[in-house]
Amino acid sequence: MEFLEPLNLLYCLIGVVIGMLIGVLPGLGPAATIAILLPVTYGVEPVSAIILLAGIFYGAQYGGTITSVLLKLPGEASSVVTVFDGHALARQGKAGTALGIAAIGSFIGGTVSIVGLTLLAPVVAAVALDFGPPEYAALALFGVLLVATVGNGGRTKAVIAAGLGLLLATVGRDTFTGASRFTFDTLNLADGIDFVPIAMGLFGLGEILYNLEQRHRTAAPPAAVANVWPSRADLRKSGGAIGRGSVIGFALGVLPGGGATLSSLVAYAVEKRRAKHPGRFGQGAVEGVAAPETANNAAATSSFIPLLTLGIPANATMALLFGALLIHGIPPGPQLITDHPDLFWGVVNSMYVGNVLLLIMSIPMVGLFVKILRVRPAVLAPITVLITLIGVYTVANQVFDIFLVVAFGVLGYLMKKFGFEPGPLVLAFVLGSLLETAVRQSLLLFDGNPAGFLTRPISGTVLAVLLLVLLLPAFGKLRRRKP
Amino acid sequence: MAGVVVGLVGFAVLLPLVGFEIPSVVLLLAWMRVLGKEAWGLSVVVSVGTVAAFYGVFVVLLEIPLPRLI
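Just so you know, the protein sequences line up as chains A and B, in that order. The end of the first sequence is residue 483 by my numbering, with every number in the run present. The end of the second sequence is residue 553 by my numbering, with every number in the run present.
Only chain B is shown next, with the shape it has when bound in the complex (with noise of 0.2 Å):
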């Protein structure tokens, strides 16, 4: 739980630093890598798949100003 927390403070210290999507792609990984246990496999496809599926949207298709490295 404790570190889940300090993840989730993480990622919102991270973001106006570094753009969302690393800091996206290492949430999504850690947790489904430590708290899930999946494969290695799964967690990198699912990880970066998502964080794209999110650019899509928020950055290209809705224009929403998130800071982002790219």
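Chain A with its partners taken away, still in its complex shape (with noise of 0.2 Å):
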């Protein structure tokens, strides 16, 4: 274990910078940034580049903070449920305590979640070392389907989202029998479609399109910082609600589909169901701030865990470090702690340090990160048009790229613009693959018997597992039907 070299310090700190101001724009999320920035990443080495785009996913959740609670703007998903308290505490002139809270809750909730990181990725990894590719089909649609069911938006649409996801990543040539499928006999499609450009697309130029149809909303005027850090009341009344969020984010966060947004809302209702007065929140409670802020941070950060150790993404954002990962040529999966140690334990040793870095500078930059907001999207959107066009084209040097980014630019304006959810497809995208090659192998090891999925004990469990939560859903609603 080495510690953080200065040039993967600095892209750490770029990385949490980046991931701040992002935070800070309502619009341009994480995942969008993380897919524009893709082609940029590929000059530099490959723990510098995952430092990079790592520090702009938990550097978000730092940054979406802040316009929650100063103007009633949640930059981000995360951040929704911290704009109740947050700006209510605003409002009553406390918005530094509001914005302190957020910023310790979060760099605890991080750290916590870095250390469970560190303890239980390796033991993870060495289980899943064994795992054959039945096993690995049985977990890829696992993720497939979670994302498609707990994920936030409409289940039917998210389905139909992963569904679509799942069919490009048959374009291409067959790599058992080498027949094309869907190519329409163009060289262009032969090796079937880069992950890029779909993510580039989709994320990226799918939401300045559908942007540009909002109106844009004119923020309030910020609220001013006084004084931020909290009062010995305020951080004893927030102890606990640090403690669970961890916990809850942690654990949120390891799960498919889980996550960040997820584990924000679970928290704050949890702190609200404990609260002797639940009234408080809504009103300007700590706690309101503190728990969603410390989970948003800790799931952030545990998401992490399913990708490095079993190269099975959690959620949309991950399935883009998936494709880093490939592009840099090292395959997620349980042998990367041991295969490439560097790369794992630099980006782990660089989330300690990003968290730090985060910490001290958000509170006293504060109000640069508020004058970001006053940039016109006029003026950054047609610049983040420009750099998605030819980061795209940098990729492979063809003009084909472009084309495909412009078109699944239009399918993601068209997916937001009728509530479908890009974030199924990129992942089911990613995963498709993967459990293609996966079942394949595995049929041929089975000699062509299904049946071998469930006698083996692990993917057996999993598709177990699987249909459990599958039918869930179905059990609750049948119960609530009887009297």
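Pairs of lysine-lysine residues, derived as DSS-like cross-links and limited to a Cα-Cα distance of at most 30 Å, are as follows:
1) 157/A / 477/A
2) 416/A / 520/B
3) 371/A / 520/B
4) 520/B / 417/A
Label pairs and their calculated CB-CB ranges:
5) 522/B / 398/A: 33 to 43 Å
6) 518/B / 276/A: 51 to 61 Å
7) 187/A / 532/B: 30 to 40 Å
Per the computed footprint, the stretches of chain B lying under chain A, defined by three or more beta-carbons under 8 Å from a beta-carbon of chain A, are:
8) 497-504
9) 515-528
These aren't lab readings, by the way, just hints derived from the structure by calculation. Ideal placement from N, C-alpha and C gives every residue a C-beta, glycine not left out.
Given two chains presented individually in distinct reference frames, assemble the corresponding complex, making use of the accompanying hints.
Next up, the structure:
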């Protein structure tokens, strides 16, 4: 285990600053930013690239808080519940307290989660080393279905989006038989659709096109920030919330489809239920800020565990990092920790450092970040579009990829307009090729008998749990129907 | 919307023919003027400045073989 190199320290700093910036800006989320910056990271070392992209992801969790508290505009979905009590505190002149508690909670949640990652990841990876194709097939199926069912937004729409992702994953030459599938006889599609134009189109361009139609909300003048250090009474009140938020965030972040948004909602609900006077929530309760902000950071960190140990991305952002690892020639999976220890420990170390950097930066630089909001979207949007178009070209020096990114941008725009999330599509696309290869290898192993999936202990268990998760809501409905 | 998509496709068609500089400046200018209704001065400064910055980063610094005029 080596210490973080100065250059990687710089990438970590750049990552968390970009993360905070885009966290502050409503509209452009971490997934979009990581998608747009994917090509830019080709030129750098894989460790540095992942450190940078990871920093953007957890940095955005800090940034999203600032606008929630000061402007009542959540920069990120995972900071939506922070608005209730955070903005209420700001109106009482206690914006500083809210931001201070959020920063401290985020730091503790993030750090607890990294310690969990440090301890747990090598164990999980060691167990997963024995996994064969059937286990991977079961896990990939689990990932696709869970994201489609537990994720935010309508369930049917998420399943449709995931189905589309699976279909797109089949495009290209069949790796087992060499037959061309959906290639329309063009060489451009012979190797399948590249992950980068899909991600950049759906998340990056799609989001910008969608925002074009939205009327730009006029932000209220930001509340003044004074006295960021929370009082001892506030700290005592939020201590429990921070502790519980860390655990909730860590646990939910590991689950596919869980992640930052869900954990912030759950952590807030738990605090409200435990409170002696639940009426205080929404009126400026510090616990109402501490719990979700702690949880979303803990979840952002722990969602790295399935990616780094099993090679299964837990959410859309992890799917992008999955793509980034592949681009750098590092297959994500249980071998990652043993084959590329420098990458694994480098990224883990950078997270410890990144959280300290964010804690230090988030308080004194609040004013600066609020100023970013004055940058007009009409100036920012075309520059982002240009980065997308030129960035996607530089991946393979192919004009065809620009057409692809525009096509997927339009698809992303249409999906958002009709209430579909692009996340399940991208995740299913990534897991789709994994799933297909694993299933077909397994069937070769089993001499074509699909019962083999059920008789292997681990794949059988995973499939049984999967069935249970799928059937649970149905049971719930049945019970409700009976008086 | 349709106009934006036509513009983006036009960008992709023109890029290999005339290099990235002119289509980029035109894309930025048109977006800021037509969609953003920004002032001419700001639009020109931002467009040309951004493309110059791209030239610096992609061509000079990263030495990526972008099709270009200069």
